[in-house]
Amino acid sequence: MSGALRTLPWGSGGLGTQDHQRDMYLPAFRGHPGFTVVETAAGDLTTAIAETGAQVVSVCAPPEERAARIVEALRAGCHVLADKPLALDVADAERVAAVARETGLVCMPAHHHRFGAAVQAARGALAAGRIGLPWNVQADFLVDGGDPCPQGELVNFGLYPVDVVLALTGQAVERVHALPGRDPARSTLLLLDHEHGLTSTITVGRLHGTAAAPGMALHRYRVSGSGGVMDVDATRPGATVRTASGTRTAWHGPGTVGRMLTALHAAIVTGRPPEVGPGDALAALRVTDAATRSLTLGTPVSLDPSEV
Amino acid sequence: MESHSVPARVLVVGTGFIAAQHAAAIHAEPRLELAGVVDIDPGRAAAASRANGGVPWFTDLGAALAETGADGCVVCTPNDTHADIAVQVAAAGAHLLIEKPLATDVAGARRAVTAFARAGRVLMPAHSHRHYDYALAVREAIGSGDLGAVDLVRLSILGGWIWPDWRGWMLDPARSGGHALHNGVHLLDLVTWWTGDTPETVYARGRRRTAPELGIHDYLEMTVGFAGGAVAVCEMSRGHAPTSYARRDVLVTGTGGILTLPWDAEAGTVTDESGTALLPPGGTDGFATQIAAWADALTGAPPAVTGADGLLAVAMGVAAERSIADGRPVRVADVLEEAA
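Keeping their order, the protein sequence lines are chains A and B. All letters in the first sequence, in the order written, are residues 718 to 1025 by the numbering used here. All letters in the second sequence, in the order written, are residues 2 to 341 by the numbering used here.
Okay, chain A solo, but in the shape it has when bound (with noise of 0.2 Å):
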């Protein structure tokens, strides 16, 4: 396969007033020359890929029915990028991974954090043993402002960090305790045991909003291993630019939307494993899980071991 992929958009659902397809993914196929985006008025999803011809569907459709729309997608012999969360509950989560594996398309969840170009140098020091063997992560992924979304932050932007975490050390989450913030709906303090004694500590949350708003106010994580320590800020590289009008971040190579679809067509086009796939939206999904029923006990959660 190669050329341009014929990609639909499917839904501009997300979680609360979120429209990821129109803001997110749609530029970022665009600008992308691996990629042409193709559309249809059709009304559901198996006529609009034989309408036009797609390759790979972008998924966007709201979360209660997303899960469904990606297994739909893929029965059609097409790829899929699916936004996050890729399926609202384990089960369904579960039915897209083995749906995957049967067709042996290419199914990733937008987890695009895990591709910034921060955190993809600091997986590969780590891999590469720059700093030992880690035996602890403290992560922030605190967003400055914005609308909150209804079903709490832990929810909607959760997963990004604990994706990371699980990107950067490779460690599976044994067991989790979470804490509420002030407003349990805006933060959360995540406190999770990985496999082989590592352990990470996750702060997720939305500040009401400051001057800088909106944008990331922190995203950073500081590694410690037997031989050293990484600190990875993960809203870098950027040029800080400040005028009469405020401050921005300025950067010319592709953010971590950029970098996904570039993965995204890499295994496509070369037929190699994607590194990221349903598998791993099931894992995050499991930790976010624990940490609600954690959040309601009061204590830490075990995962099943057969999860892990």
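You may find that some hints are simply not true.
To spell it out: a stretch of chain B is covered by chain A in this simulated footprint if at least three of its residues, at any positions, have a beta carbon under 8 Å from a beta carbon of chain A; those stretches are [what the hints assert, rightly or not]:
#: 1; segment: 28-34
#: 2; segment: 203-210
#: 3; segment: 218-224
#: 4; segment: 240-246
#: 5; segment: 269-279
#: 6; segment: 285-295
Examples of chain B residues toward chain A, derived with CB under 7 Å [to be verified]:
#: 7; residue: Gly230
#: 8; residue: Val232
#: 9; residue: Val234
#: 10; residue: Ile259
Not close to chain A: a few residues of chain B, all C-beta gaps over 10 Å, as computed [to be verified]:
#: 11; residue: Gly55
#: 12; residue: Pro79
#: 13; residue: Ile86
#: 14; residue: Arg112
#: 15; residue: Ser157
#: 16; residue: Gly169
#: 17; residue: Asp173
#: 18; residue: Gly229
#: 19; residue: Ala231
#: 20; residue: Glu236
#: 21; residue: Thr261
#: 22; residue: Ala341
Source of the hints: derived by calculation from the structure; they are not laboratory data. Even for Gly, the Cβ is constructed at its ideal location relative to N, Cα and C.
Put chain B on the given structure of chain A with help from the hints.
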């Protein structure tokens, strides 16, 4: 001490490495005068005397108090001796500035607080970080209201330098109370003071990074849940690699904004063959500020840190050690009630 004209006479009790900083602070404070030094080891007591202009030295605290008629003591002995020494100082009618922790358990801390309440003397635990510029800056930023109601606090004090060898009493949990009591109380006290809130739960995880044979956890992560809704993550490490590693990092988020104080916020950095390190910050001497606050308290000002603050920090430290052992959050009120 009731007069501004006559300096209060102060004994330094325990002449380990931190005693020199206290003695220097006393020499620099015009309202205080070093009356003598006390150490159970006569060689160390004599050496401390020589280093401080030949002040009288003693191996027995009772004798030192009786012979010098000291107005106050600065105690920097091993942690497991703190409670009994505090009670002895109170009984002698002297004031006390005592190294943290106030005691290695809640019962001991409570005995000290009760003794000073009965004696009507000043008891101030040396939670020295409260007197450092960075801690005061964070406190003032929160106090200004600019950050709104505090949501999340991160305080990380990380190093790779562990105490010199196995003979250090700090490594013996029976003597130090464990790392959560020995150093952890600094952070637990600070986040409580910053938030002005009541700590409800502590969930802690500990590691033995430097050696599996350690009796203490050289890396601590202590998460505090406050009654008012704030959460604080406190990291205290002597177990990082490389051994030259030294970082302090503060983050506060609130309903009104965010404060970040990264490791290099306080000074310039220097890079050489051994890596990148911070240049000396050159700010206020926290020990001088602390001793001045104690001198203020001797003349009637409210103490900057109270016995009750010290007691609460001990209870939080005990809760942290227990949480590490049990793997579950521990309620601070339960720890306080056990020793009531």
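Going through the hints against the structure:
| no. | hint | in the structure |
| --- | --- | --- |
| 1 | 28-34 | violated (count 0) |
| 2 | 203-210 | holds (count 4) |
| 3 | 218-224 | holds (count 3) |
| 4 | 240-246 | holds (count 4) |
| 5 | 269-279 | violated (count 0) |
| 6 | 285-295 | violated (count 0) |
| 7 | Gly230 | holds, 4 Å |
| 8 | Val232 | holds, 5 Å |
| 9 | Val234 | holds, 6 Å |
| 10 | Ile259 | holds, 5 Å |
| 11 | Gly55 | holds, 46 Å |
| 12 | Pro79 | holds, 29 Å |
| 13 | Ile86 | holds, 37 Å |
| 14 | Arg112 | holds, 32 Å |
| 15 | Ser157 | violated, 7 Å |
| 16 | Gly169 | holds, 23 Å |
| 17 | Asp173 | holds, 24 Å |
| 18 | Gly229 | violated, 8 Å |
| 19 | Ala231 | violated, 6 Å |
| 20 | Glu236 | violated, 7 Å |
| 21 | Thr261 | violated, 7 Å |
| 22 | Ala341 | holds, 24 Å |
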